[in-house]
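> Sequence:
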Amino acid sequence: MKQHMMDVLVYVFENYMTEQYNLKESGHRQHIIDGLQKIGFSPGLIEEALLWLQQVSRTPDAMVQPTGHSVRHFSHTEQQMMGSEGIDFIEYLMGQGILTNHSRELLIDGLLYLKADNIEVDDLQWLALIILFSQPGQEQAFVDLERLLFNPADIREH
-17 MKQHMMDVLV YVFENYMTEQ YNLKESGHRQ HIIDGLQKIG FSPGLIEEAL LWLQQVSRTP
43 DAMVQPTGHS VRHFSHTEQQ MMGSEGIDFI EYLMGQGILT NHSRELLIDG LLYLKADNIE
103 VDDLQWLALI ILFSQPGQEQ AFVDLERLLF NPADIREH
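With my numbering applied, the sequence shown corresponds to residues -17 to 140, in that order.
Source of the hints: derived by calculation from the structure; they are not laboratory data. Keep in mind that this is a model prediction, so the values were computed, not measured. Glycine is no exception: its CB is placed at the ideal position from the N, C-alpha and C atoms. There may be inaccurate statements among the hints.
The calculated SDA-like cross-link candidates involving lysine to any residue, where the alpha carbons are at most 20 angstroms apart (straight line), are [said to hold, decoys possible]:
no., residue 1, residue 2
1, Lys97, Glu60
2, Lys97, Ser39
3, Lys97, Gly65
4, Lys97, Val38
5, Lys20, His(-14)
6, Lys20, Gly9
7, Lys97, Ile69
8, Lys97, Gln61
9, Lys97, Pro25
10, Lys20, Glu(-4)
11, Lys97, Ser66
12, Lys97, Arg86
13, Lys97, His58
14, Lys20, Met(-12)
15, Lys97, Ser24
16, Lys20, Ser8
17, Lys20, Tyr(-2)
18, Lys97, Met(-13)
19, Lys97, Glu67
FRET-style restraints, in silico, Cβ to Cβ [stated by the list, open to error]:
no., residue 1, residue 2, range
20, Gly77, His13, 34 to 44 angstroms
21, Arg54, Tyr95, 15 to 25 angstroms
22, Gln78, Gln19, 36 to 46 angstroms
23, Gly17, Phe56, 32 to 42 angstroms
24, Gly79, Pro25, 37 to 47 angstroms
25, Gln19, Lys97, 17 to 27 angstroms
26, Gln122, Glu73, 14 to 24 angstroms
Take the sequences, apply the hints, and build the full model.
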């Protein structure tokens, strides 16, 4: 995977993805770009990361929604990109109700956009957090994933 891209995405998530920053507002966007350039990220990489964030922040009606009875088969490219551990992680999040069909597809589309190869589960975790944070109505899923990742002792098996 483009590790530098992950560095930018994680930095933006940790430092700028709050209620007060909106990537669509030019003033906020420029402030983020200036901050990223100040710490050494290249303009091209910054622009690519911000485009990725816009891509995954699109509204749910911008995609075809699978039905509740749909079965997701991973393509050969997706299998190579994520490996069995990544696919197992996504299926686990689906089983826990953290990812919906829509957020799963956003995650996979986001990975394809990044042209990732051999993505690590740690990267998937960060990307899933970013996507859930970016989607309206996914606040509880975000909290659940955050709790799972950062406070695993709080999770109880049923």
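> Each of the hints needs a verdict: does it hold here or not?
Evaluated hints:
1. Lys97 / Glu60: Holds, because 10 angstroms separates the two Cα atoms, which is no more than 20 angstroms.
2. Lys97 / Ser39: holds, 18 angstroms
3. Lys97 / Gly65: holds, 14 angstroms
4. Lys97 / Val38: Given pair Lys97, Val38 holds - Cα atoms ~14 angstroms apart, limit 20 angstroms.
5. Lys20 / His(-14): holds, 15 angstroms
6. Lys20 / Gly9: Roughly 16 angstroms between the alpha carbons, so the hint for Lys20 and Gly9 holds.
7. Lys97 / Ile69: holds, 16 angstroms
8. Lys97 / Gln61: Holds, because 13 angstroms separates the two Cα atoms, which is no more than 20 angstroms.
9. Lys97 / Pro25: Holds, at about 19 angstroms.
10. Lys20 / Glu(-4): Distance ~16 angstroms between Lys20 and Glu(-4) Cα, so the pair holds.
11. Lys97 / Ser66: holds, 18 angstroms
12. Lys97 / Arg86: Measuring from Cα to Cα gives roughly 17 angstroms; hence the hint holds.
13. Lys97 / His58: With Cα atoms ~14 angstroms apart, Lys97 and His58 stay inside 20 angstroms; holds.
14. Lys20 / Met(-12): This hinted pair holds, its Cα atoms lying about 18 angstroms apart.
15. Lys97 / Ser24: holds, 19 angstroms
16. Lys20 / Ser8: Answer holds: Lys20 to Ser8 is near 18 angstroms, not above 20 angstroms.
17. Lys20 / Tyr(-2): holds, 14 angstroms
18. Lys97 / Met(-13): holds, 11 angstroms
19. Lys97 / Glu67: holds, 18 angstroms
20. Gly77 / His13: 34 to 44 angstroms: Holds, since Gly77 and His13 (Cβ atoms, about 39 angstroms apart) stay within the stated range.
21. Arg54 / Tyr95: 15 to 25 angstroms: Since Arg54 and Tyr95 have Cβ atoms about 18 angstroms apart, the given range 15 to 25 angstroms holds.
22. Gln78 / Gln19: 36 to 46 angstroms: Holds, at about 38 angstroms.
23. Gly17 / Phe56: 32 to 42 angstroms: holds, 36 angstroms
24. Gly79 / Pro25: 37 to 47 angstroms: Hint holds: Cβ distance 40 angstroms, inside 37 to 47 angstroms.
25. Gln19 / Lys97: 17 to 27 angstroms: Given a distance of about 23 angstroms, which is inside 17 to 27 angstroms, the answer is holds.
26. Gln122 / Glu73: 14 to 24 angstroms: holds, 20 angstroms
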